[in-house]
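> What follows is each chain in one-letter form.
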Amino acid sequence: MSDQFQPVLPGAAATREPAPATPRDIAYRDGAANPSADALRAQFGAAIGRTEVIWGETTVYVEGARLADIVRWLHDDPAQRYDYLSDVTAVEYRDPELPLQVVWHLRSLPFRRFLRLKVEIGTGAPLEVPSVWGIYRSADWFERECYDMFGIRFTGHPDLRRILMWEQYHEGYPLRKDFPLRGRFSRSEQLRQALAANPEARYSMEELSIADAFEDLPDDVVRRITGGERTGE
Amino acid sequence: MGLTASPVVQTTTYDPPAQESWIATRLDFLVNAARAYSLWPMPFGTACCAIEFMATAASRFDIARFGMERMSFSPRQADVLICAGRVPFKLAPVLRRIWLQMPQPKWCISMGACASSGGMFDNYAVVQGIDTIIPVDVYVPGCPPRPEGLMYGIMMLQEKVKRERLSDGDLRHEMEPDPASGLYIPPPAIDELSEPFGNSVHQTRSGL
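Residue numbers (this note's numbering), protein chains in the order written: chain W, 1 to 233; chain X, 234 to 441.
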């Protein structure tokens, strides 16, 4: 275990000398792997694929069906403690067999570790991966954005719908390779559809009725919601 | 790049005394001067042009000198909509609604390349010029325009306001969008206005 991966636990940081410096001269490949990669392989065995270390960052390819278990273990295990999900996204390559990868960026603040998990989705396979919403609430909008841009369905997400494009948008998934840069429809048709969307539909009564701020809403809005009024489309 | 549906061009010589009475022209002068020197802008800033707009409003350039010191953040008390920045399609109904909420008389300044033409964002998400959504009086070029550029546009708008005639029957007509499509200008004209030009024609070189 290299010095980079020494745990920093509460109370231990004050006595530790010197303060950690930004690592320099990191090898492009075959640097020190994150020890969590070996721990994952010991714990999950065949569900863990190959491991890559590029610029000191460890990438572990995992099996999509086990992903929620793997992330749950990384989050809960006292020797891992990945308590921060910094990104969920996807990448499409011009690869005829394995075009899509879904990527999770996990960070362990107490151990100062960074781990990247990847799930490869082959051609013809359903675009589905398990949601990690139950583990990290920050996955909510990440997964919605990933669904919006790539069409990947996160099973178990409670509210999977578009987030950047409006909900009636049905030209496709803009970041896919087969999506033309200017969209599929003509400009006038795009504009017609955009103008037909109701901007208030995004702040529907359904959303307000389950919002945390429900108690702070004005009295008339509360009356309208409790009276059953709904504005969503 | 000619439009398919060309508007009817009416040329009139600006010679008020020869056409109207002395009282009407003096009244026009008074009303127009009052309007031109107290335009209340509704800032619709979506991108970096809004930073230049803030610089224009700040002390060095100070558009209060043009009677615009009062930024109206409610469209119902605004005279001129200054759209500063790119407008994505998702924002198009919002911009249309803000424009419809503004009372007559009202004007619109399209500030910067993105608001005027979509600019470098010739992609699936950005409106190719806000004149496809709302009528525009003055276009200010630049990416972003300097405060001097915006002030020149404001002065052009003031000139336009000062030339308005109360006897002009078409002056305060609220443009009604086509009820079927919600568009002001015909779809072929929008398509032609939105065609790529300049560097953006090279964006499709991969064939996608």
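Source of the hints: derived by calculation from the structure; they are not laboratory data.
Check before you lean on any hint, since a few could be wrong.
If you want the ones that stay clear, here's a sample from chain X, every Cβ over 10 Å from chain W, calculated [what the hints assert, rightly or not]:
#1 C281
#2 F322
#3 R329
#4 A358
#5 R396
#6 P420
#7 I423
Partial pick of chain W residues on the chain X-facing surface, computed with a CB cut under 10 Å [to be verified]:
#8 Y84
#9 P110
#10 R112
#11 Y169
#12 F179
#13 L181
#14 E189
#15 A194
#16 N198
Computed list of chain W residues with no C-beta within reach of chain X, every gap over 12 Å [as the list claims (entries may be wrong)]:
#17 I26
#18 Q43
#19 G45
#20 A68
#21 E97
#22 E171
#23 G183
#24 Q190
#25 P218
Ideal Cβ placement from N, Cα and C applies to all residues, glycine included.
> Determine for every hint whether it applies to the structure shown.
Comparing the hints with the structure gives:
Even its closest Cβ contact with chain W, about 20 Å, leaves C281 of chain X beyond 10 Å, as expected for a residue assigned away from the interface. With a least CB separation of 4 Å from chain W, F322 of chain X falls inside the 10 Å interface cut-off, contrary to its annotation. Remark: the non-interface label on R329 of chain X conflicts with the geometry, its nearest Cβ contact in chain W lying 6 Å away (cut-off 10 Å). In this structure A358 of chain X is not separated from chain W by more than 10 Å, as the shortest Cβ-Cβ distance comes to only about 7 Å.
Here R396 of chain X stays apart from chain W, with its beta-carbon at least about 31 Å from theirs, past the 10 Å limit. A Cβ of chain W approaches the Cβ of P420 of chain X within 10 Å, the least distance being about 3 Å, so the stated non-interface status is violated. Not every Cβ of chain W is farther than 10 Å from the Cβ of I423 of chain X; the closest lies at roughly 4 Å, contradicting the non-interface assignment. A least Cβ separation of about 30 Å between Y84 of chain W and chain X goes past the 10 Å threshold, and the interface hint is therefore violated.
At a threshold of 10 Å, the smallest CB-CB gap from P110 of chain W to chain X is about 40 Å, leaving the interface hint violated. About 36 Å separates the beta-carbon of R112 of chain W from the nearest beta-carbon of chain X, more than 10 Å, and the hint is not met. The restraint placing Y169 of chain W at the interface with chain X holds, with a minimum CB-CB distance near 8 Å, inside the 10 Å limit. Interface hint at F179 of chain W: satisfied, since its Cβ lies 7 Å from the closest Cβ of chain X, which is below the 10 Å cut-off.
Satisfaction of the interface hint for L181 of chain W is found here, the shortest Cβ-Cβ separation to chain X being roughly 5 Å, below the 10 Å cut-off. The closest approach between the C-beta of E189 of chain W and any C-beta of chain X is roughly 7 Å, which is under the 10 Å cut-off, so the hint is satisfied. Taking 10 Å as the C-beta contact cut-off toward chain X, the hint placing A194 of chain W at the interface holds, the least distance being around 4 Å. A cut of 10 Å between beta carbons decides the hint on N198 of chain W: the least distance to chain X is about 7 Å, and the hint holds.
No Cβ of chain X approaches the Cβ of I26 of chain W within 12 Å, the least distance being about 34 Å, so the stated non-interface status holds. A cut-off of 12 Å between C-beta atoms confirms that Q43 of chain W is not in contact with chain X; the least separation is 42 Å. Distance check for G45 of chain W against chain X: the nearest CB is about 41 Å away, which clears 12 Å, and the non-interface claim stands. At roughly 32 Å from the closest C-beta of chain X, the C-beta of A68 of chain W stays outside 12 Å, upholding its exclusion from the interface.
Taking the minimum C-beta to C-beta distance to chain X, about 20 Å, the non-interface status of E97 of chain W holds against the 12 Å cut. The Cβ of E171 of chain W does not lie farther than 12 Å from every Cβ of chain X; its closest approach is about 7 Å, which violates its non-interface assignment. Consistency note on G183 of chain W: stated as away from chain X, yet its beta-carbon is not over 12 Å from all of that chain's, at 4 Å minimum. In this structure Q190 of chain W is not separated from chain X by more than 12 Å, as the shortest Cβ-Cβ distance comes to only about 6 Å.
Every CB of chain X lies more than 12 Å from the CB of P218 of chain W, the least distance being 18 Å, so the non-interface label holds.
The earlier numbered hints that this structure contradicts are 2, 3, 4, 6, 7, 8, 9, 10, 22, 23, 24.
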